[in-house]
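Peer 1: Produce the entire structure from the sequences given, and follow the hints as far as they go.
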Amino acid sequence: MIDDIVDGFAFGGDYNPEQWTEDVWIEDMKLMNRAGVNLVSLGIFSWAKLEPEEGRYDFTWLDRVMNLLTEYNIKADLATATAAQPNWMSVKYPQVMAVDEKGLRYTWGSRQAYCPNSLIYRRGAAAMTRMLAEHYAAHPALAMWHVNNEYACHVQRCYCDTCAAEFRVWLEKRYGDLDGVNETWGTAFWSQNYSDWAEVMPPRYTSAFRNPNQQLDYDRFMSDSILSLFIAERNILHQVTPNLKVTTNFMPLFKHLDYWKWAEEIDIISWDSYPDPHDPLSPVMNAFDHDLMRSLGAGKPFMLMEQAAGRVNWRPVNGMKHEGLMRFHSFQALSHGADAVMYFQWRQSRRGSEQFHSAMLPHAGEGSRTFSEITRLGAELKALSALAGSRIESQVGLFFDYDSWWASEMETAVTAAYPYVEEPLHWYRSLRERNVPVDMVSPKTDFSSYKVLIMPRMFVIDALPASRLESWVENGGVLLLGPMSAWLDGTGAVHPGGAPGPLRTLAGVRVEDVDPLPPGTSFSVDFGDGRPLAARNWREEIYAEGAEVLAVYADGPLNGGPAVTSHTRGRGQTRYVSFRPGPEAMDRILDPVLERAGVTGLLETPPGVYAARRIGVDGRSRLFLLREGEGRSDVRLPVEGFTDAVDGRQVGQVLSLGSWDARVLNEPD
Amino acid sequence: MIDDIVDGFAFGGDYNPEQWTEDVWIEDMKLMNRAGVNLVSLGIFSWAKLEPEEGRYDFTWLDRVMNLLTEYNIKADLATATAAQPNWMSVKYPQVMAVDEKGLRYTWGSRQAYCPNSLIYRRGAAAMTRMLAEHYAAHPALAMWHVNNEYACHVQRCYCDTCAAEFRVWLEKRYGDLDGVNETWGTAFWSQNYSDWAEVMPPRYTSAFRNPNQQLDYDRFMSDSILSLFIAERNILHQVTPNLKVTTNFMPLFKHLDYWKWAEEIDIISWDSYPDPHDPLSPVMNAFDHDLMRSLGAGKPFMLMEQAAGRVNWRPVNGMKHEGLMRFHSFQALSHGADAVMYFQWRQSRRGSEQFHSAMLPHAGEGSRTFSEITRLGAELKALSALAGSRIESQVGLFFDYDSWWASEMETAVTAAYPYVEEPLHWYRSLRERNVPVDMVSPKTDFSSYKVLIMPRMFVIDALPASRLESWVENGGVLLLGPMSAWLDGTGAVHPGGAPGPLRTLAGVRVEDVDPLPPGTSFSVDFGDGRPLAARNWREEIYAEGAEVLAVYADGPLNGGPAVTSHTRGRGQTRYVSFRPGPEAMDRILDPVLERAGVTGLLETPPGVYAARRIGVDGRSRLFLLREGEGRSDVRLPVEGFTDAVDGRQVGQVLSLGSWDARVLNEPD
Amino acid sequence: MIDDIVDGFAFGGDYNPEQWTEDVWIEDMKLMNRAGVNLVSLGIFSWAKLEPEEGRYDFTWLDRVMNLLTEYNIKADLATATAAQPNWMSVKYPQVMAVDEKGLRYTWGSRQAYCPNSLIYRRGAAAMTRMLAEHYAAHPALAMWHVNNEYACHVQRCYCDTCAAEFRVWLEKRYGDLDGVNETWGTAFWSQNYSDWAEVMPPRYTSAFRNPNQQLDYDRFMSDSILSLFIAERNILHQVTPNLKVTTNFMPLFKHLDYWKWAEEIDIISWDSYPDPHDPLSPVMNAFDHDLMRSLGAGKPFMLMEQAAGRVNWRPVNGMKHEGLMRFHSFQALSHGADAVMYFQWRQSRRGSEQFHSAMLPHAGEGSRTFSEITRLGAELKALSALAGSRIESQVGLFFDYDSWWASEMETAVTAAYPYVEEPLHWYRSLRERNVPVDMVSPKTDFSSYKVLIMPRMFVIDALPASRLESWVENGGVLLLGPMSAWLDGTGAVHPGGAPGPLRTLAGVRVEDVDPLPPGTSFSVDFGDGRPLAARNWREEIYAEGAEVLAVYADGPLNGGPAVTSHTRGRGQTRYVSFRPGPEAMDRILDPVLERAGVTGLLETPPGVYAARRIGVDGRSRLFLLREGEGRSDVRLPVEGFTDAVDGRQVGQVLSLGSWDARVLNEPD
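Chains as they are written, first to last, in this note's numbering: chain W, -4 to 664; chain P, -4 to 664; chain D, -4 to 664.
The set of hints was computed from the structure by calculation and includes no laboratory data.
One or more of the hints may lead you astray.
Copies of the same chain are indistinguishable here, so a pair counts whether it falls within one copy or spans any two.
Under the rule of at most 35 Å between Cα atoms (straight-line distance), these lysine-lysine pairs were calculated in the DSBU-like manner [claimed, not checked]:
#, residue 1, residue 2
1, K44, K168
2, K97, K44
3, K44, K240
4, K439, K256
5, K439, K250
6, K240, K168
7, K250, K97
8, K25, K439
9, K25, K87
10, K168, K250
11, K168, K87
12, K97, K87
13, K250, K25
14, K168, K377
15, K256, K446
Peer 2: Shown next, in the form of C-alpha cells:
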C-alpha cells in the first residue's frame, strides 16, 4: 500500500476487543488470518479502558492485543482513543460536555459529546495521545496512527461559553478589531451593532433569522476549532514517531468540516463509506465521494477506512447487503483510487449502540454467508496486490467548495429547498455516464492542467480566482458555470453589480435574478432547433453582455430569454448554464464542451456499466469494469489482449458482467 | 394622499442608509427622484446607531439624511427605531429578552427578541421615541410617524416571570378575583383549581393539553400587552407632534394580534404584503388582506407599507417576481383602496439577514429590469394622483374575528386540521369572482347598512350581537351562517343547549354535532333536484327547529339530513350552511342570497379578470380591471366612453388585457 | 357483573360533578336513572377540591354526591383522586413535577405532570387514598375502587435526579453491582464504562444514539416505578376495604407500561377505548385490544371503563360518531368479553381541556340524538343482563410482549420504520376474518392448552420459554414464528449464533440477515406452484437447518431462497415465516396450520361481519354478530332455533344485518 503501511492493499476493520474475553481474541486472530486481514484499526473507543480513572493508565490489555497481532502478522492502525471521553471526566468536569444552540448541555452515555474547545478534554486527549505514542512507538505491530474518529459526526457545533470566548479570539485574529466584525457582518442593519467584545456570541437560539455572516464565520470557526484538535494530536504523534503516517477518518458528503483545509494537515486521507442499498443514487454518490477523497489527497491513493459488511443500524430503513453488493462497493473503492478496503467492525457487538450494525464476522459466525464473502474478497485483494499505489488521471475538474455549501444553504439565502450537493452531483452523474474521470478542485487547487472546469453553484468566490480563471480560459480552458455562481465574496457580502460577480466579464452575462421553483417543477429550454428540452427546479433571468446565446427559455415568464450562453476569451470559452438541465439538455450542453476541450471517455459502456483506469507505479494500467444494478450487460473492449488481473486469464473482447459484478483487467501494452 | 402626508399616492420604501457610506446617500437621492419616490420609512432598525451606549444619543447622521431628503423633496415616515433593541441593552439587562414556553430565553443577534412587558425595554423605547419626536418635530421632511415594525412578527408570546406577573394584573382587572379566574377557566376539572395568585401562570410547557380558556386569555393578554407598547409610543408622538399621523405596519392574515382592537388606536392603517408568486391562491389572499386593512380603517384609504420588488428570502422556495407581477400587485393594492405603494427596501443589502431579499434598487443596480419597472410604476402613479383619497363602497359584510380564530384553533378544539382563515377566505373567493365588493366586519362594527352579512366559523359569540343581528335581519338583512358558528361565549365557555348558541332561534336550527373529515374528503349535498353537488371537509348533523330545509346531505351517515336551511324573520332571512360548499353548491347558496338582498357585482368579467371601483372625493368613479395569471382576456365594458386614467385616452368597449395586466379607467359620467 | 359490583352489565361513565352547581346534580341523577346508568367513576380529578390546602381535607361535597347516588340507586367506582396533584403542591414542591429528557421541568396547568418517583407526590397520594378509603369504607354507594387514571398517558418517562437515584437502586437490585451494569449494557464499547454509581443516569439528552440496553432497562424501571404507585394505593385500599375490587384504567395499544406485569397486581382489568371513526383499521385494533384486555385478566370479564359517546377532541381530525356507531362499539366490547360499558364522561364540560370531548349527555342536552342512543343502549344492556359473567374460549394464542416492543423499536435496532404492533395485528386480522377466537399470551402464560401459538416479532426471548415451547410442540402444538423472532436474550444482548437464537433447533432454520424494505415495497413468494404471491415490507435471508422449505422468494436478491419453512418435532411442528405475507400468501400459511391443529372458525360470515361467542356461567352460549361498515349483509346461521337475546324473539336461519349493526343471539341447546 502507499506509504508502506502494509504490503499490497490494506484489508481489515475496526477491532474492539475490549468487548470480548481473551479466548475470543485468539479466535479473532485465526479468523483474521483466514480472511486475509492485514490491518486493524484498534482502540478507537478505548479511553475509558486505558485510563480507568483520572491520570491512571492501564495498557496491559492493549499490550496483549498488540502482541497477538504481531504474532499473527497483522498490523495496527492504532487509535488515539480520544473519540469519546470517559464518564468520570464528564461527571467531574461538566463543562467538557458540548452545549446546543438553545443552551442545553449534552450528557454522557453516548459518544463524542465533548466541546471542541474544552481545555479539559484537550488536556486529557493530549496526555492519552502522548502516553500511547511513547508506549507503542517501537511496537512491531504499529503501522500507522488513527486520530479520534469521524470528527464532528454528532457534535457539529457547540455553543457554550468557552466556544464563545474562543470565537472572539478567532474573530479578532481575522478582523483585527470589533469594527471589522461589525463591518463584515453588516450589523448596521437590524440594530445588531456590537459595542463590546463581550456582546459577541455564537449564533445561539433567538427570535428570528440569525445573521448569515455571523453564521458563516461560526461555521468556519467550528471547522477550525475541531481541526485544531486533530493537529494537536498529530503533532504529538509526529514528534514521537516521525516516520509513521497519521490519518483521521472523513465522512461521506459531510458539510460541517472544510475538508480541503483539513486535508492539508493529514498524511493520508481515509474515509467511511456507507451507501444505502435501497437508494438508487447511492452508487453515484459513493463514486463522487471516492473522487473527492482522492482529490483531497492530491491524487494519492486513499484508504476506505470503514464500510459495512452488511446492514447498518442508523437509518430509518436499514437495507440488507445481498450477496455480491459488498464486493461491488469494495471494487468501486479500488476503481476510484483506494488502497485499502476496511470495515466497521471486525466482530459484531452483542450489546450496545451498534449491536445491530453488521460486521465482517457477524452474529451468525464463521459459517455465515457474510464471512465467506469477506474471505473470498480477501483472497482477491491479495491477488491484486500489484495494483496498490496506482493512480488515476483526470482532465476535468469539478469545483467543490465548503464556503459555498455553508453560505448557500443559510436559512436566509435564496432557497432552503435545494441542497448544495445536488448541483455538483448533477454534473458529476453525467460525466460518470460518459466514463470521463473527474477530480474535485478547490479555489486553491492548481487547476492549470485541466481541460474543462465545472463550477456548480460556486456561491462564494473571491477576487483572486477570477484572474486565475481568466488566464486559464485564455490558455484554452473551457469553463462551465451553473446557476447561483459567484454571488458572494469571501466575507459573505454580495458582489456589487450582481452575479456572477467577478466572473461577469469572463462569462459575458449579468444575472438579474434567480427563480427557484418548487421541487420537481419542470420547464423547457430550446437550443435553437425549436425542440423544447426539459429542465427543472432552478432558472435565472440573465442578460448577455457580450456572450453568445446558445439556448433560450421556451416557456414560462422568461420565455425567449437566454438560458445557456457562451463567451470566448483567448483560446478558451466560458459557458453559463442558468438552470438545472434534464438528461437531453445536459447532452446538448456537455458533449460540445467535452468535444471542444478534447476530452473523451475511457470506454463506451452499456447503461449501468462504469469504467475506470488506474495507472500503476510500474506504468501499466488496469481497467475496472463495474456493473451497477441487477441484470447482465456485455461490454465490448476496444482491442483484444486484456487479461483478468485476479487470475491472469485471457478475456474475450466482449465481456459479460452479471448483477453487481466487478472486474479488473490488465490492459494490453 | 389621505391625511396630506404627500401629494397624490405615496411611493417609496424602507430606507436604511446606515448600511452605506454617505456618497451612496447622494446617489440614493438622485435615483429616488428619478423613480418618483416621495416617501421613505426611515430608521426602523436604527436604535443601536442612535443610542450607541446607554443614555448617549447621536442623531447627527440621521440629521444629514433628513436634510438630504428635504433637499431632494422626499418626505420621511420616520420610525421610532424601537423594532430591535441594541445588544448592549440585552447584555446588561438579560430580562429584556423574551422567554419561550419551555422557559428558554432568546438571545440577541436577530431582531425583536424583547419581552413585551419588559420595563427596561419600555423605558428605553419611550426615551428614544421622545428624543426623536422632540428632535425632529419641526423638521420639514417629517411627514408621519412609524412606530416599531411588524409587532409580534417573531415574538408572539413571551412566558417570562414579568409576563406572568402582568398577566395576573390583567386577570384581576378582568375577573375581579381568583374565584372569577377559576370559574372562567373551569379549573374544577383536571384538579386545576388556583388557590393563590402566585400559582397563576402563562400556559407554559407542561405534560398534556393546556387549559383552553387560560390560553384564550393569554392570547388576549399578549395582544393587549403588545398594543400597550404601541400606545405608549403613540401617546408621546401625539403629545409632541399633535398634527402628525402615527402608524405601525400590520402583517398579512396575522393571527396573534387582535387588529380590530389595535385599529381603534391607530391614525392610519398600513400593512406589509408579501404574496407568494408560486402560490396560485396568493392573489385572493392578498385581495382579502387589502379589504381587511381598509375595513380596519373604517373604509379610509390605507397604506401598502411594504411589498417586495422581487424575491423575498424567508420562504422555503422564494419565487422570482417576473416582469409585470410587481406592477400587478401594486395596482391590486390601489384597487382595494390603498393610497400608498411602498417597499421593503429601497436599496438591497449586501450583508446581513436580508441580503437576499429584493429591493427597489437591486444588487444589479440602476440598469436592472427591476429598477426600470420601479421607475415606470412611479410615473404611472404620478399620472393617477387624482385617485388618491377615493373610497370603496360595499353592501356585503364578512365577519372576521380574532377570538374565533384563537379559540377554534386550540389544540383541544374540534379539529386542528382546518385553519380558521380558510373559512372566511372560502366565501370571499366566491364573492370576488362575482366582483361583489366586500367589507370585513367585527362584532363591534355598525353593520346596519349592509344588505348581506356572512359569518364563517364565528366560533365565539356573545349575547349582545345576537339581538343586534335579530333587529338587522328583521329589517331585511340576509344572514349566512357557516359551520362551527356560535359555539362559545366570550369567556370561552360552550353555550348551553348546543350551537349556534344565541343564534339558534334566529337560524331556526340546532347543531347536534360536527364531523370534520380528513382534509380533501368529498361528499355530496342535494338542493332538491336530485343532482348531488360536491362539498368537502366539514359537515354537521343539524336539526331544523323552524327553518326550511333548502338542501340535504346526499350520501354518508348523514344522508337525507338537513344541510342548508333558511329561516325567515321579519323582512329578512337567516341561512345556515352546515358544510364547506364546492363551486356548484356555492353558486346554489350564494346567488339566491345576493339576488334576494339586491346585491349585484360591479361587472361581468371573464375568469381571472377582477373589477373594482373607487369613488373619488370629487364624486367621480374609476374602474380597475386586473388580469390575474398568464394569458389574454377580453372584457366587455357596460357602455362606451371609458378613458384610460393614466394617459387619458379613449378605450374601446371591449378591452383586451394581457398576462398580469392592470388598467384604471375613468368611468363616463 | 363479575365480582358483584352491579347486577348485570355495568353502564355509566366518569362523573365530574364538581364542574356543576348542585341543582344540576339532581338533574344528573334523574337522567342517569332514565338512561339506565348503574355505575359512575367518581372523583378522578378531585384532589384539589378534596384537599384544597396541604393537609386540610374537605369531603362534604363528595358526601352529598355519594348520598345522592345511594338515593338514586347508582353505585360508585370511587377514584383515589390522585390523577392530577393540586397546584399548591406543584408550587410549594417544584421537585414534584416531572422532567423531560432534555432536563426541562414540566409546569402545572394540565394534568399528570408529576414525577413517578416523587416522595412528595407519593406521600400526598397515599394520604388522600387512606382518607378516602376510611371515610367511604362503609358507604352504601361504594362498589369498587378506581386508582388514579390512565397511568403514564402523558408522562411516560421522567428523567429527574430523583428518578436517577431510584434507577440506581433498581439496577443494583437487578445486577448486584456496577460490574453487572457495565457487563449488561456493553459499556466496554464507545468508552461508556461506569466507574461509580453516581455516573449512572437515565438515558438523557446526549449527542448521538443512547445505549439501547440502558434504554431497555429504563423502560422497565419506569414501568415498575409507575406500577409501584398503583401498588401503594391498592395496598391501602385492600387493607381498609378488603372485600372491594381495585382497578386502574388501561389504554389502547399502549407501549410504555408492561401490562402483563401490571395485570398481576390488579383485581379487575379495565380499559379506555377510543377507536377513530375515520380509520378503517380502528375496528380490528379495537378488537385486538379487547382480546388483550381479556387475556391480561386471564380470561375473566373486563370493564370497558371509558369510551366516547361521540367525538373526541385530541386528534388532528376528530370524526363524529354517527348514529349506531357507539352502539356497535359497545356490543363489540361485549362480544370480546366485557361486562361493562362506560364512558368518558357523563355530562359534557362547558369549559376546560375537554369541553369539546363528547359525553353521554352532550351540550345539546337530553333532547339530543346522542342521549337517546344512550338511553336505548341502557335498555338493551338491561335486557342482556344474563350474559354478564360469561366467558370466551380460544384455541389460538398470540404472543404479545412489551420487552420485544421496547427493544425492537429502539433507534439503533434494525428499523424504525415498522412499529412492533403491526406484526401481531397483521396475524390477528387474518384470524379474526376466519372468526377464530384468539387469546394474547406472554412468556409467563400457561399456554399448554392452546393448539396453535403465533409469535410475531418476539424479538426478546429468554432460554426458559424455549424448552417450554419444545415440550409443547412435541405434544402436538403448531408454532408459527414471524420475522425478527428471538434475536435478544432477556438482558438485551444478541443471542450468539444468529436468530432465532434458542429457537433455532426447534425451527430448524438459521437467519443470516433481515432486509427491511421501504414501507409499502412489494415482492413475491412462491409456494411451489409457480404462482408468485405478494408479500411486503420485510424479508429475511434464512437457511434451512433441518426444516422443510414450503415457499421460496420469487424475485429480488433472495430469489430462490427459503421464505417459509416447516420443521416437525414429536407430534407438532414449527413454521418459520420470514416476511410479511399479503392476503393470498397469508391464506397459504394460515389455513394449513389451522387445519393441522384442528382449529376452526365459529361461523362462516360474509366480509365485514364478525362472529363471537360467550359462554355463560349457566353453560348456555350466545352468538354475537357484528356488521362492520356501511351496507347490508346476510348471515346464514348453522342451524335453526336461534333467538334474539334482547327481545327473545325467534330469528330466521338467514339473518340480515345493516350498517354497523350488532346482534346477540341465544344459541339453541
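Peer 1: Decide, hint by hint, whether the structure agrees.
Peer 2: We went through each hint and held it up to the structure:
For the identical chains of this complex, K44 and K168 are inter-copy neighbours only, at 25 Å across copies versus 39 Å inside a copy, given an alpha-carbon limit of 35 Å. For the homomeric pair K97 and K44, the shortest alpha-carbon distances inside one copy (33 Å) and between copies (28 Å) are both at most 35 Å. In this assembly of identical chains, the alpha carbons of K44 and K240 lie at most 35 Å apart only when taken from the same copy (25 Å versus 54 Å across copies). For the identical chains of this complex, K439 and K256 are intra-copy neighbours only, at 10 Å inside a copy versus 60 Å across copies, given an alpha-carbon limit of 35 Å.
Proximity of K439 to K250 under the C-alpha cut-off of 35 Å is restricted to the intra-copy arrangement: shortest distance 19 Å within a copy versus 51 Å between copies. For a Cα distance limit of 35 Å, the shortest separation of K240 from K168 inside one copy, 31 Å, qualifies, whereas the shortest one across copies, 49 Å, does not. In this assembly of identical chains, the alpha carbons of K250 and K97 lie at most 35 Å apart whether taken from the same copy (21 Å) or from different copies (26 Å). For the identical chains of this complex, K25 and K439 are neighbours neither inside a copy (47 Å) nor across copies (42 Å), given an alpha-carbon limit of 35 Å.
In this homomeric assembly, K25 and K87 never come within 35 Å of each other (Cα to Cα): the closest approach is 41 Å inside a single copy and 65 Å across copies. Within a single copy, K168 and K250 get their C-alpha atoms as close as 24 Å, which meets the 35 Å cut-off; across copies the closest is 46 Å, which misses it. In this homomeric assembly, K168 and K87 come within 35 Å of each other (Cα to Cα) both inside a single copy, at 33 Å, and across copies, at 26 Å. Taking the shortest Cα distances, K97 and K87 sit within 35 Å of each other both inside one copy (23 Å) and across copies (20 Å).
Taking the shortest alpha-carbon separations for K250 and K25, neither the intra-copy value of 40 Å nor the inter-copy value of 45 Å comes in at or below 35 Å. Taking CA atoms no more than 35 Å apart as the test, K168 paired with K377 passes in neither setting, with 51 Å inside one copy and 53 Å between copies. With identical chains, the CA atoms of K256 and K446 are at most 35 Å apart within one copy only, with a shortest distance of 25 Å there and 68 Å across copies.
Checked against the numbered hints listed earlier, the structure breaks hints 8, 9, 13, 14; every other hint is satisfied.
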